[in-house]
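Enquirer: Residues per chain, in single letters:
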Amino acid sequence: MLFIQLVVDSLVLGSIYALMAIGFTMIFGILHIINLAHGELFVLGAFTAFFLVGAGVNFILALLIAMLVVAILGLIMERGVYRFIKKEAVLNTMLASIGLSLFLQNVYILIFGPQTQQIYGSTETINLLGIIITWQRLILVIIAVTVVILLNLLVKRTWFGKALRATALDPQVAQLMGIDTGRIRAVTFALGSALAAAAGALLVSIIPVSATSGFIPATKAFIITIFGGIGSITGAIVGALLLALAENLAAGYIASSYTNMIAYAFLVLVLLIRPDGIFGRRSF
Amino acid sequence: MLRVFALVSLVMLLISGCGGQITGSADSQGEKVVKVGVLEPLTGAIAETGNWVANGVKLAIENINNSGGITINGEKYKIKPIIYDTATKINEAMNGINKLVSQDKVKFVLGTMLTDQTAAIMQVAEPNKVLVISSVSAGDKLTKQGWKYFFRAAPYNNMSIDTAIDVCTRMNKKKIAMLVSNDAWGKSYVSLFPPAMEKAGIEVVGIEYYELHQADYSTTLNKIKSLNPELVILGARTDNAVAIFQQAMQIMPDIPLYEQGGAIPEKVLEALGPEKANHLFFASRNGPEGEEVAKFKEQYKKKFGEEPFSFSYSGYDSVYILAAALEKAGTIEDTDKVREAMLSLKYKGLIGDYSFQPNGEVNLRGAIAYIEDGKVIRQWADQPLPEWLK
Amino acid sequence: MNRSAELKRGLILGLVTLVVLMMVPFMVADEYLLTVLNMIGIYVILASSLNLIVGYTGQLSFAHIAFFGIGAYTSGLLGTKLGISFWLGLPAAGAVAAIVGFVVGLIALRFGSHIFVLVTLSLGEIIRLVFYNWVELTGGPDGLFGISRPENISLLGITWDFSTPAGIYRLIMIFAVISVIIIWLIVRSSVGRALIAIRENETFAEFCGINVWFYKNLSFTIGALFAGIAGSVYAHFFGYIAPSSFNTMEAIYLVLMPFFGGIGTIAGPIIGTFLLISLPEFLRVLADYRMTIMGLLLVLIILIMPQGIVGAIQSLYIRLKAGRSSRAEISAGSIRVNRGG
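Chains B, L and G, in that order, give the protein sequences. The numbering of the first sequence is the numbering used here, which starts it at 1 and goes up by one. The numbering of the second sequence is the numbering used here, which starts it at 285 and goes up by one. The numbering of the third sequence is the numbering used here, which starts it at 675 and goes up by one.
Think of the hints as simulated: they come from the structure by calculation, not from any bench. Please note that the accuracy of each hint is not assured.
As the list claims (entries may be wrong) - Cut-off 20 Å, straight-line C-alpha distance, at most; resulting in silico cross-link-like pairs (DMTMM-like, lysine to aspartate or glutamate):
| # | chain 1 | residue 1 | chain 2 | residue 2 |
| --- | --- | --- | --- | --- |
| 1 | L | 413 | G | 704 |
| 2 | L | 319 | G | 874 |
| 3 | L | 389 | G | 810 |
| 4 | L | 425 | G | 810 |
| 5 | L | 362 | L | 618 |
| 6 | L | 362 | L | 424 |
| 7 | L | 507 | L | 487 |
| 8 | B | 86 | G | 704 |
| 9 | L | 319 | G | 704 |
With the hints as constraints, model all of the structure from the sequences given.
Expert: Structure (C-alpha cells):
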C-alpha cells in the first residue's frame, strides 16, 4: 500500500520532470543543442504563471500564457544566439548556453528579486482507494498528460510533425524536400521552451521557485534525456518517471545521507550497460 | 605563438599592476567616517536570505547616520558601508575580505551568513586583526577555532538543542524522532542533537533524512510513525516545512512536530491558512516582538517594499552591536580595544539580549514561536508554555 | 625554426616569465592583488591541465574540479590529521588524484562527447558528495579547518618564509610556471602530437595506428595529477577548504577558463583564467550587475570568438600577415563532434 502511494506520488513529480525532459530532448535531438539555459526557461514559466495567478488570472490560462511568453524567449534565444554557432560545435553551444544561463539568472534577480515565490492553492485531499492525493496534484498530472498527448498528436499527425521528424532524421534531405529547416528549428526550440514553461508553471504550484532554481531541473532534464535516449520522447517520459520514482524510493527506504548520490550513480551504471540510453538513438 | 604568449604575459602583469589604482577606495569628503565592510551572498543560490541580511544592515546604517552617527571621544562619525557580494562562492568571499582588508583598509566586517564562507574569511581577518561579526552563521565550529576577532551574534546550533531539550522535557516527551534535511544544516543537527538528548534522558528512536527537492514525504513519515515517537524534531526550511506539515497532518496527526527554526512561521501560516496551521510550533530565532520590532518592520517595509524576517533583524542588530562596541571602546582603529568592549557589552536588539563569551560565542535566550488563532506568537522558551502544548 | 631552437626559446621565455613574476612582490605590496594573482596562479594549473583533456583530446570534462578537491582534501587531511608536511602531502595529493582520475577516465572515456560530459559531471558530483557526507573524515559541509602553510625551507642559503603573502605568492607562481612548461613539453612531444591527431579525427588517428584509448586515458590521468597538485597548493594557501568549492557550478566555471582563452593553445588557459578571475573583481564596482555582465560577455565571446581570445588574436595576426585572400585554417580551437567516436 505504501509502495503504491509512493508510485502515485512519483507520478506527480515525474510528470513535471517529463515536461522538462521532453522539451530538452527535442531541442537536443533536432537542433543538437545542449541548452543548459533550459532551467531559466522553466523559471520564467514559473514566475509568469505566479504573477498572472496573483493578478487573478485562472490557472490554466496563466499556464498557457506562460508557455507563450517563454516560447517567445526561446525563439529569441535560438534566432539570436544559437543560430550563429556551428551545429557541429556542440560543446560551443553548450558553453554559450552556460553564458545565457548565467545572464538570465542574474537578470531575473534584477527584475524579480531573489525571492522565492509559490502559488498557494487548496490543500484539500481526496482519498482514492486508500491513496491520498491533493486535488491540486491530481490536476497537475492531468494537465501534464494532456500536454503530452497533444504534443504526440502534433508530432505524429500533423504536417508540422512530419516536417519535424524529417528534419531530425536528415536535415539535408529534408531541405531538398522543400522543408524550411531553419524555420523548423526555430519553432522546435520555441516548442521545447514552452514545455519547460509548462513544467515551471506546474511546479510553482507545489514548490517555491526562485531566480536561481533553474539549475537543478536543467541538470535533471539533461540526465533524463541521456538516460532515455537523445531525441526520444518516450524515453524522456519513461526516464522522468523512473527518476522521480528512484528519488522517492531512495528517500523513503534508504535512511542514509548518501541518498543524494543515487541519481548520479544510477545514471552511470545504466550508461555502462546501455551506452545509448534506454531507448537508444531513436528520433521520434 | 610564443610571441603571443609573451605579449599576453606582459599585458597581464601591467594590468595587475594598475589594478590597484582602478579599484582603490575613494576619500571621504572631510566628514569623519568609520568604514565597515559587509560581506554577504547577494547573488547565487542563497541570494534571497543574503539580501535580507544585507538590507537589515543597510537600514541600520541609514538610521544611525541620519541621527548623526556614532560618537567616539566626543566626535561624530558616520558609518560608511562597503558591501561586497560573495556570490555564494568561497573564493569570492576570500577575494572580498582581501579587498576589504588590503585596499579598503577596513577593520570591521559584518558577515557572512554561511558557515563555510565565514570560516574562509576568518583565515584572512584573524591574522590581520580585523573584527568580524556574523549575525547568522550557525555552525558551532566557528567559535572553536580559537579566533580572537570573531564574534557570532546569532542563535547557533547548540543553543537550539538546549532550547529543544528544555521544551521536550517540559512537554514530558521521552521518545523523539528526528527528520532533517540532507544538507549541512541537517547534518549538524544529527551530529549534535542525539548525544545531548540521550544525556537529558530523552530517547531518540529514529533519524530520517529528506532531500531538499523532495515533494512527497509519505514514506518517510510513515516510517517515523511506525517508530512511535512522542514528538518529532523537524529541521526544515519554509518550503519543505509546509509540505511536511501538510502530509504529517494526514499521516500522523497525533504526533506533534517541533520545527527547529528553519521555517518562517508567518510564511507557513500564509501557505496553510489559519485552520490548518493552528497549533504548529517552531523554534524561533527571535523572541517576543515588541515596539522596537514593530517600528523596524514599518521602516523596512517602507524602504524595501516587503515584510522583513528574522534574518533582517539579525543584520540590523549586528550594526548596532558594532556601533555600541565602538562607542564603548572609544576607538575605530584599535581592534583589540573594540574586542574587549565586545566582551563586556550588553545590547538589547530586535532578536533578543546579546552578550558574548570569551570565545566569541553569543549568549542569547532561546525562543519559540507558535501559531494560534491565525497569528504567530513568539515567546521566550523558558517562559511557561501554552496549555495546548503540554 | 627548427625544433631544438623552438625548445630553447620556449624554456628561456618560461624562465624570463618566472623571474618577472618573482619580482612582482617588490613592486606590489597590496595583499589583495597578490591574493588575486595567487588564485590565478592556482587556477592556471587547473585550466592548463584541463586543456590537456579538452583542447587536445576534444573531450569536455566536468570532473576536473573533483580532482582538484581530492588533491586539496588529501593534502589537507594528511596535514591536519597526521601532521604530514606539505612537501610530502603535495606529491601524495597528485598521486591520489591521478589514481582517481584514472578510474574516472576508465569509466567516462568509453562514451562519446555528449555522454562523456554527463558522466564526468555525475562522477564529479559523486566525489563531491563523498566530501560532503563523510563527516567523520572530511568535516562534511562545515569544511576542514586549520591547514597550515607549507613549512619554510632553506635553499641556497636563503630561507623561504611561506607564511608571508610574498612568500606563498612566489611558491604558487613557481608551481604555475613549472606546470605550464611541463604541459607545454608534453604537447610538443609525440604524446602531444597523438593527442592532437585524436582531437582532429579520432577514427583516422586509430587508422594511423595510434592507440586512442591509451592516449585518452593518459591525458586524463596526467590532467588529474596536475589538478591534484593544484588542490594541495590551494588547501595550504587558503588554510580552509569546504565541499562547496568543488561543486558543479565551480566545475562549469573552471571549464570556461580554457574556453575563454582558447582551448588547444598554451596561452589560452592562462588568459582565460586571468580574465575569469580578475574580471569579476574589476566589476565589483558594478555590484548588482556584475554577474549579469559576466554571462553576457561569455555569450558574446562564444559567438564572436569561438576559438577563444588567443585563437582570435592568432587568426587576426595571420590574416594581417597573409594580407589578402586565403583564410588560413586555424587548427587550434573549435571542438568538433567526433563521428563514430
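Enquirer: Hints first: check each against the structure and report whether it holds.
Expert: Cross-check of the supplied hints:
The suggested pairing of residue 413(L) with residue 704(G) holds, with an alpha-carbon distance near 17 Å, which does not exceed 20 Å. Under the criterion of a C-alpha separation no larger than 20 Å, the hint pairing residue 319(L) with residue 874(G) is inconsistent with the structure, at around 56 Å. Simply put, residue 389(L) and residue 810(G) have alpha-carbon atoms about 38 Å apart, too far for the 20 Å limit, and the pair is violated. For the hint pairing residue 425(L) with residue 810(G), the CA-to-CA distance comes to about 14 Å; that is within 20 Å, so the pair holds.
Between residue 362(L) and residue 618(L) the CA atoms are separated by roughly 18 Å; this keeps the pair inside 20 Å, and the hint holds. A distance of roughly 33 Å separates the Cα atoms of residue 362(L) and residue 424(L); the hinted pair therefore is violated under the 20 Å criterion. For the hint pairing residue 507(L) with residue 487(L), the CA-to-CA distance comes to about 17 Å; that is within 20 Å, so the pair holds. Between residue 86(B) and residue 704(G), the direct Cα distance comes to roughly 44 Å. Violation of the 20 Å bound is thereby established for this hinted pair.
For the suggested pair residue 319(L) and residue 704(G), the alpha carbons sit about 19 Å apart, so the restraint of at most 20 Å is met.
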